[in-house]
Amino acid sequence: MGLKNTSPSSTQSWADYYTTQAKHCQDPTLQRFYATGLVSPDTPIGEVPLMALDFETTGMNAAKHDIVSIGMVPFTLQRIRPAQGHYWVVKPRRSLREESIVHHRITHSEIEHAPDLETVLDEVLDRLAGHLVVVHYRNIERNFLDGAIFARRGEHCLFPVIDTMVIEARFERGQRFQTLKRLFGIAPPSIRLAASRERYGLPPYSTHHAKVDALATAELLQAQIARHYSPQTPVSELWA
Amino acid sequence: MEAEIKEIRDHISAYPPFRDLSDALLNDIATSVEIAYYQAGAPIVEFGDPIHYLFYIRSGAVEVYLRNGELYNRLDEGDIFGHVGLLLNRRVRSPVTAIEDTLIYLIPAAVFDRLCDQDENFADFVGLWGSRLKSTVEQSARGNDMMFTPVRRLITRLPVMIEASASVQEAARLMTEQEVSSLLVLAPPDHSDSDRVFSDLDGQQWRLSDMITDLDLRERVLAQGLPAQTPLTQITDEGLHTIQSDESIYEAMLIMLRNNIQSLPVLHRRRPVGLVSLSDIVRYETDSSLHLMSNILKQTSARGLERLKPNIQAAFLRLVDEGATSQMIGNAMSSIGRSLMRRLVELAEAELGPPPVPYCFMVHGSLARNDQSITTDQDNALVLHDSFDPAQHDVYFKALAQRVSDGLDACGYPYCKGGIMATNPQWRQPLAQWKQYFTEWIAEPDPERLLHSSIFFDLDAVYGEERFVEALQDLITTQAPKNPKFLAALARNALNRTPPLGVFRNFVMEKDGKHNNSINIKRRGVAPMNDVIRVHALSVGSQAQNPFERLDDIDEANILSIGQTDRLRYALEFMALVRLRHQADDIKHNHTADNSIEPEYISDHDRHNLKEAFQVLNHAQKYLRFRYPERGRG
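Read top to bottom, the protein sequences are chains Y and V. Just so it is clear: in the first sequence, position 108 is 108 by the working numbering, and no numbers are missing. Just so it is clear: in the second sequence, position 305 is 305 by the working numbering, and no numbers are missing.
Check the hints yourself; a few may be wrong.
From the derived model, a few chain Y residues whose C-beta atoms are all more than 10 Å from chain V [as the list claims (entries may be wrong)]: (1) A22; (2) D122; (3) E219; (4) S236.
Which bits of chain Y does chain V cover? Going by a derived footprint, with three or more residues having C-beta under 8 Å, they are [to be verified]: (5) 81–92; (6) 159–173.
Quick caveat, the hints were computed from the structure, so don't treat them as lab data. Note that CB positions come from ideal geometry on N, CA and C, so glycine has one too.
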């Protein structure tokens, strides 16, 4: 495997990584995913088809925990289309802890009847293909998806994502006086999804659910671009 | 239904005209909505653009403009726009701009067309009326109509449920704990396509098997001598009647009467969402203010009127809950207050005999302004015919005044602390003396003295010779505009109470010990706004007493800058509504309704509007100071 299957190094661009992956991946779905390609880095964000993605997991560690549900909602800077989004519940390989049951409102019986991620993986990847993925806290979605695919197909799957939490940190924590404030013991503002949304006047949602959170993330990105960037901002300034 | 579709549906179904739509149409909307975010200041639609959506405000606020750029309307959460353009030529008629960060739900034109075709109420709303306010007026006009109102409007709490394997004692215990008189009984599902099988919020499947009530425990358990451990399965019979949440209240009543049952489970699809009882329906019917007024006029004793006190509260709560405007609520509550007073006078006359000379019962303050709320002191006076001879006639009028005043106090309108009541001999005088009072107040204004008498400048007749009070109103409207000193003194007094805004547009809280961290919305908002409006109204010779009607007259006289009367109207309406909602909330929580609102318990959105309303009042007071400068005194 080597270089071609890991994350693009600093000298390699996402475009190069896609080309390599399309050539070397054995799995037809991954081939298809990478062959669909990626928008060029200078494309204005306002012209890119986006896909908000959210996972609920059994824990925070991709090596130890599993995906329980996947929500996605397609959108652009102009429109979010919740009805065209998708939602899957999948069966974790390791058992579900009680606290996450309460947290996600997903029950044992629901999971008992859910398929393994393998069954829905092709559909998930096909739906993501051709979209720039938007998440809140990329360490979850990126690491869990890559880990799950590697475990099942023996190949890596990485792609650039826009992380609304990184954007929030950039503006809420990267400012002048922040170090000074910290010195005086003033806590930095929260950059969790709900707290970030509140700063843009976005309404609270009552449920914790992968698709609701994907929708919430899509709304947040629209708000962030409106306040801090413009539809002309090239995607390379936003993705990582 | 997926969680995010449910989020959308739940929000939309809380506002007219969506509130009364069928479940099928609500689902059509929720599954077709698209979403867009607009930052404060961003245009949402511009004149002449093609329009393919109905716009629904999920959060935030927008301003709608006329083509000439003039502000036409301000809309917020739950309001819609774009329907006029959709109905006419599918072009934007009025440009709209976000004034706060705003989240919009876009409902596709095809769905909008379907709503207009399939729901008459919706078509009416967007076609004939087009604003939430007007629709509310129409809605409450026929709000009484049980044929149209869906039964879900009567649901106040989720149903309490118990598994069929529990014992009758456990059921009785649960009913006691939850303070309910009926429980829904759940059994394991038999076969999943049965009409009675549903999944709860945790995805578990259940079959709704029966409902048990207090009465069942008496008839089927105690009277039969069954032990406390008897399982519920032994006393239930599966002959359950239910109703869908979007069916009418009328239908629910028919089912209960036909089957001789007291309450009925309400289902959304197959899931139980509440219970409705016959007594809920009876209460719903009798709360209406019209019914209440006819009931007041039927009473034959002061005690009978006193017993209507809870009904007055219920009518008030219902008006607030139905989303009526402050003007509608003020009007309805004033009509109730007047009917009550009229009936008290009639009853007193019946007892004391006919009056020795003609007279008029006059009211001041909120009742005169037609903006009465639920907690309000009585302010009244007697204007007697000029042939009045104190030695001969005052015994009669003193007794009359006492009866009316005591009756009002008993019905929840406490005695006036400032003594402005007909029981006070100073305010029980012949017309000539009243003319004298007003002439002096106007010709020799002294702010100190005016402070205590400004309340008399809102006046209206409630019973008797209305022409007496009209004569006084005429005197005021002809004299006041000609006396700049009087207006200046009145203006000075209107500046005494300032809005609670600090230097940084933050709220300044009361520091009187009793209500810390609160704002007295009457003293710091509604009342000073009424004071400002009164000065302008008297300066243009307006005959109106109601602040909103006074604003119409002020607007016509063109004495304020363009748009200013609209701003005053908007600010007054908002502050008055916050006050009324706060009082309704107090009553619901069994507190005494007061005027102390606590900004930390107000939604961000309302807080923002409240600051803006205070700001409008602040500017209005500054303008008043400029128009009637200090040196105008003396």
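Consistency of the hints with the structure:
In this structure A22 of chain Y is separated from chain V by more than 10 Å, as the shortest Cβ-Cβ distance comes to about 33 Å. D122 of chain Y, annotated as away from the interface, keeps every beta carbon of chain V farther than 10 Å; the closest lies near 21 Å. With a cut of 10 Å on Cβ distances, E219 of chain Y falls inside the contact zone with chain V, its closest approach being about 6 Å. Consistency note on S236 of chain Y: stated as away from chain V, and its beta-carbon is indeed over 10 Å from all of that chain's, at 23 Å minimum.
With 5 residues having a beta carbon nearer than 8 Å to a beta carbon of chain V, the stretch 81–92 of chain Y meets the requirement of three or more and the stated coverage holds. A stretch counts as covered by a chain when three or more of its residues have a beta carbon under 8 Å from one of that chain; for the stretch 159–173 of chain Y and chain V the count is 0, and the coverage is violated.
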